[in-house]
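Participant: As a plain string of letters, each chain reads:
4 protein chains.
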Amino acid sequence: MDIIVLRPGAAKKDLRYIVKKLEHKGFTANISRGTERTVIGVIGDTSKITEEESNSFGALPGVEKVHRIIKPYRLASRDFKPENTTIRIGKHIIGGKKIHIIAGPCAIENRQRLLKIAQEVKKAGATFVRGGAFKPRTSPYSFQGLREEGLKLLAMVGRKTGMPTVTELMDPRDIEAVLQDSDIIQIGARNMQNFRLLQEVGSYDKPVILKRGLSATIKDLLMAAEYILAQGNSKVILCERGIRTFETATRNTLDLSAVPVLKGLTHLPVIVDPSHGVGQWDLVAPMSKAAIAAGADGLMIEVHTNPEEALSDGEQSLKPEKFKVLMRELKVIAKAIGREI
Amino acid sequence: MDIIVLRPGAAKKDLRYIVKKLEHKGFTANISRGTERTVIGVIGDTSKITEEESNSFGALPGVEKVHRIIKPYRLASRDFKPENTTIRIGKHIIGGKKIHIIAGPCAIENRQRLLKIAQEVKKAGATFVRGGAFKPRTSPYSFQGLREEGLKLLAMVGRKTGMPTVTELMDPRDIEAVLQDSDIIQIGARNMQNFRLLQEVGSYDKPVILKRGLSATIKDLLMAAEYILAQGNSKVILCERGIRTFETATRNTLDLSAVPVLKGLTHLPVIVDPSHGVGQWDLVAPMSKAAIAAGADGLMIEVHTNPEEALSDGEQSLKPEKFKVLMRELKVIAKAIGREI
Amino acid sequence: MDIIVLRPGAAKKDLRYIVKKLEHKGFTANISRGTERTVIGVIGDTSKITEEESNSFGALPGVEKVHRIIKPYRLASRDFKPENTTIRIGKHIIGGKKIHIIAGPCAIENRQRLLKIAQEVKKAGATFVRGGAFKPRTSPYSFQGLREEGLKLLAMVGRKTGMPTVTELMDPRDIEAVLQDSDIIQIGARNMQNFRLLQEVGSYDKPVILKRGLSATIKDLLMAAEYILAQGNSKVILCERGIRTFETATRNTLDLSAVPVLKGLTHLPVIVDPSHGVGQWDLVAPMSKAAIAAGADGLMIEVHTNPEEALSDGEQSLKPEKFKVLMRELKVIAKAIGREI
Amino acid sequence: MDIIVLRPGAAKKDLRYIVKKLEHKGFTANISRGTERTVIGVIGDTSKITEEESNSFGALPGVEKVHRIIKPYRLASRDFKPENTTIRIGKHIIGGKKIHIIAGPCAIENRQRLLKIAQEVKKAGATFVRGGAFKPRTSPYSFQGLREEGLKLLAMVGRKTGMPTVTELMDPRDIEAVLQDSDIIQIGARNMQNFRLLQEVGSYDKPVILKRGLSATIKDLLMAAEYILAQGNSKVILCERGIRTFETATRNTLDLSAVPVLKGLTHLPVIVDPSHGVGQWDLVAPMSKAAIAAGADGLMIEVHTNPEEALSDGEQSLKPEKFKVLMRELKVIAKAIGREI
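Residue numbers (the working numbering), protein chains in the order written: chain A, 1 to 341; chain B, 1 to 341; chain C, 1 to 341; chain D, 1 to 341.
One or more hints might be untrue.
Same chains, same label: a pair holds when it works inside one copy or across any pair of copies.
[Said to hold, decoys possible] Straight-line alpha carbon distances no greater than 25 angstroms define the calculated DMTMM-like cross-link-like pairs of lysine to aspartate or glutamate that follow:
id, residue 1, residue 2
1, Lys335, Asp183
2, Lys25, Asp45
3, Lys206, Glu83
4, Lys219, Glu64
5, Lys152, Asp205
6, Lys331, Asp205
7, Lys160, Glu36
8, Lys12, Asp183
9, Lys12, Glu148
10, Lys123, Asp282
11, Lys12, Glu83
12, Lys206, Glu329
13, Lys335, Glu53
14, Lys319, Asp14
15, Lys65, Glu83
16, Lys122, Glu340
17, Lys20, Glu64
18, Lys20, Asp79
19, Lys65, Asp45
20, Lys13, Asp79
21, Lys123, Glu321
22, Lys91, Asp282
23, Lys335, Glu83
24, Lys65, Glu53
25, Lys21, Glu36
26, Lys335, Asp282
27, Lys335, Glu149
28, Lys21, Asp282
29, Lys122, Asp174
Rather than coming from a laboratory, the hints here were simulated on the basis of the structure.
Chain A extracted, bound-state conformation (with noise of 0.2 angstroms):
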């Protein structure tokens, strides 16, 4: 269902030719003359069409302003599959009453500290380990990440642990190597709307968190979804990270209302990454409670062992001790909300 505004004083011809066209493509008009707009209401299945068409209306001489009415997404939404969308990996379910607390560094730098680092999350109650092999960095002059030798790391320490990984995939032709040693492929917020990229990981069977991009609304969060939806992989973890606003006392402003507007339009599962969402250390605590208080069914947390030598974030990272701390205070919160970690 779209709904096309007339332009007042559009003409008599104009909207002769706008409902032929909508009958010319299988649709029916039903036209209502208000004392100010006329206004066309497009019965059929609107659904079909695309996006790009319904916009084109607006092209057409006397016409004011096209409403969609249908969401342009259909495999992401709640309309399509009313029940929560559940996503085994390994012995863990996400989306689940359980909340997982994903953590681990920013960027994977040595093997001894990847280590260290996971086996303290673990005793913590991290039940998935992070860790950056491919890192996206606003400098070129930035440290890039180890790359496959990196993914190499990860993986032993997964086994080691016998925690699943999460490691981001920014470039296409990484796939192979990041299916083979990662349990979770991270899109990340730059490449939200890479859409080839999406497409790449579309077509395989593997779980993917997709963070929303800095200047993403929540429409195109699901767009981007829908997108790996569309070619077969159904295993879509969506991850609220922080928008673009003109705060700049924060890295980003953490839109936790995303949490239940999301549950509310999609059946995927909902985490939230308090630390690139605030940027700073000591926020990362209140808004991870938060995010559990709004109903995230997970948190994606970083931690260092010395964030003042981390090659990457150190700023936001959190030291174990304090990690451990936090991971008991969300288990309270958790517990009050009904849910577990």
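Knowing the structure of chain A, use the given hints to seat chains B, C and D on it.
Facilitator: Frame of chain A; chains B, C and D shown alone:
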């Protein structure tokens, strides 16, 4: 302490002029010559330099940028007063261990309805009753509030239920009436930088809830509080109520990270208004829980017995039954973080 | 005309309730049942429905969304008045073929300086002189303006140079003084939604420059203008002066597309303030040219003889010599688009 | 040069640790003790410190904030190369006195239509033809472009009309094909921080148009350019195409102040895409004129013979007749500012 960065290749006479100007104002210049830039550190009590004086250095020849090191607010700062401010209103204390819930309709509509809502929210555990008598509406054709008559109704309902009252002041000319009939004065988001209004409420010994403007940074909010504090009124309660971003799925983007950020920068109590923050009643519950988990000292929630007939903001008001359920959940969360409601 | 979209699976009784409610208010419901959604078109003069009444339908059970088709502003709309509004002030007409340049210091500082600046800008071709007597400063410790004394100086300089004057009104209690000493009242960005102030200036027959708020949409700006128009004052000049975005390289982001958008939606004159829009004097010239090219009816430019000593906004003020050069360039651009300065 | 600001009351050992750490890295610490804060100036070639190393100081105990004084980009900076970069493509030079107009359809649809459009825009004065073969669409169900077949058509039309061609590259795996059939590679807004793609195009000697991301600051854009420059490709053309803000009246907010800001910071040519910037064909003309007046080195304009049938972005495409009229107007504006088209 201010830092003045010179352009590469700034003339020596430009440097000399700046140094002389600083010395004339009673400061010492600490010059550091780096390989790429020369930087002048301004030594002395630069808190006496106004923002504008500081900026005006940016207009001098040879200057690339001025970095302000000290915070432009003083009385609002934790540097000035490290311990939390608590505000006593009747038998209640805001800013202490107990979290306070302020509830009521957006606008005061009539005696009976206001009383009914106040009784319901009190029963559920709210400690303050709110209601607008002067309403800032985006349209001149919308209901503008019952004005003085509304104030009288609010005061009567406050007395009848034993709850202290909160109402908005929009115009300095109404202050006497509002002072008389309300226990807390609310300054709305659209008036956060109505500096004359801030000065006005600053000159009375009356608690003020200061709502963050739609495009106000956290620093702007603290500067607005400073206006009130500088007049002698130290009873300021800050209120996060959503900022304007590109996201259209919610009315505003509720910036919950503002809570811990403010708690770090200032000693003033911080509350959250989830109703305006998200603008849809079904998101109020999760965001209320998240606000408590993030560390808010209170919440301001719109409740209405007949939201669909409300003269203002019906779509974001909770019905009393939903509010009751929410209050029960909030108590559990509060306990989980070591506080109480 | 409003469009009410029902949720998939909305109950029949919800639909019946809405239809009855609409009929009760004197409207006809046009129901379209699509394959995915049922949509109700509201037939009748929906301009009589306030925004809030319209929104309150969103609180009804079964309703997913309400689309407003008609514009919430009427008197400001080109639908209401298709031809351009022109405003005569002294011998000048704003909104006609001639583009007017309003120039002067941010704040009035003293008699001699204001006179000197006014004489300089007049010589260069400016037709109005501006200067702030009441200054909205983010810091309570900044210079707040010379107040009544500043108004007297401005009036005197206006008489002496033969230029009509522009100054800002911040508080309804100062209106008599401002009406007496200024030819145009400016409502600043921070007061754009100070609705009581808008109503106040709306009740006099005095031209008003209404500046767009930092987070005001174009619709918000037009609604603010509607407040003035609805009181009977039709002499409103809209002013784009930059909006708040994530970009920090400029003080604000000057939204020049607002000029042609406003010209399409409203009959009111539109001017641009590039000085506040960008906040750096070296960007004022290119953005002034761009504003003229985009179709602005005038510009408001800050000029100061000693920017580095200015008590306000020195970093964005042009010196008279630069202003003179700019005026020559602007005249060429104006001619290129078939207008004149 | 970096500036490290300590918290009030930072411990002496924290200061000593930082100084030691700086000296260990080969820098000198210049300590200024103000009345409120102690500040450390880092003396030495801090351009060798990565952004991340610099930030990591923020994780150290006792540190309140780190101010970066030097720009994080080097090759893109005017400090590095003061004179304008000009890029020769065929017989045309971008970045010189002549302003170039790149025109064509959003997507390549078929041979005949593309040829017709190219011939029309050439006749009107455009010097480059654009057309998308790989299309980044927000919906997976939208037309994704003719891919390799589209590239062939574009190359053929380029040869036939004698116009150099511009097309978008979305995936590093397509680079050979794009290099062969296009004279300029476009990197779209959504891929501005697809760093692997940037490195890929950086390793060829081929002009690149780099579009600003929807939420990219000017600094982010220059850092993205730095990625390309750092690989050895110096032929980068920056393109402002609108940023995402709260305003919904236009598709994006075209930030024309980015043109003079960029011209000050970098030696690279800067062009503007008004079609995507505003998203409505009737706003393209005024914003094109404004962009020229603001100092743009070129424009990228969507032109389509049948916008209402376009497979992409019809609502923002000009018809050839409108484009012809616009070109005449642009020539007059260009002349008015001492340039030519």
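Participant: Could you work out which of the previously given hints the structure breaks and list their numbers from low to high?
Facilitator: Hints 1, 6, 7, 8, 9, 12, 13, 18, 22, 27 and 29 are the ones this structure does not satisfy, whereas the remaining hints hold.
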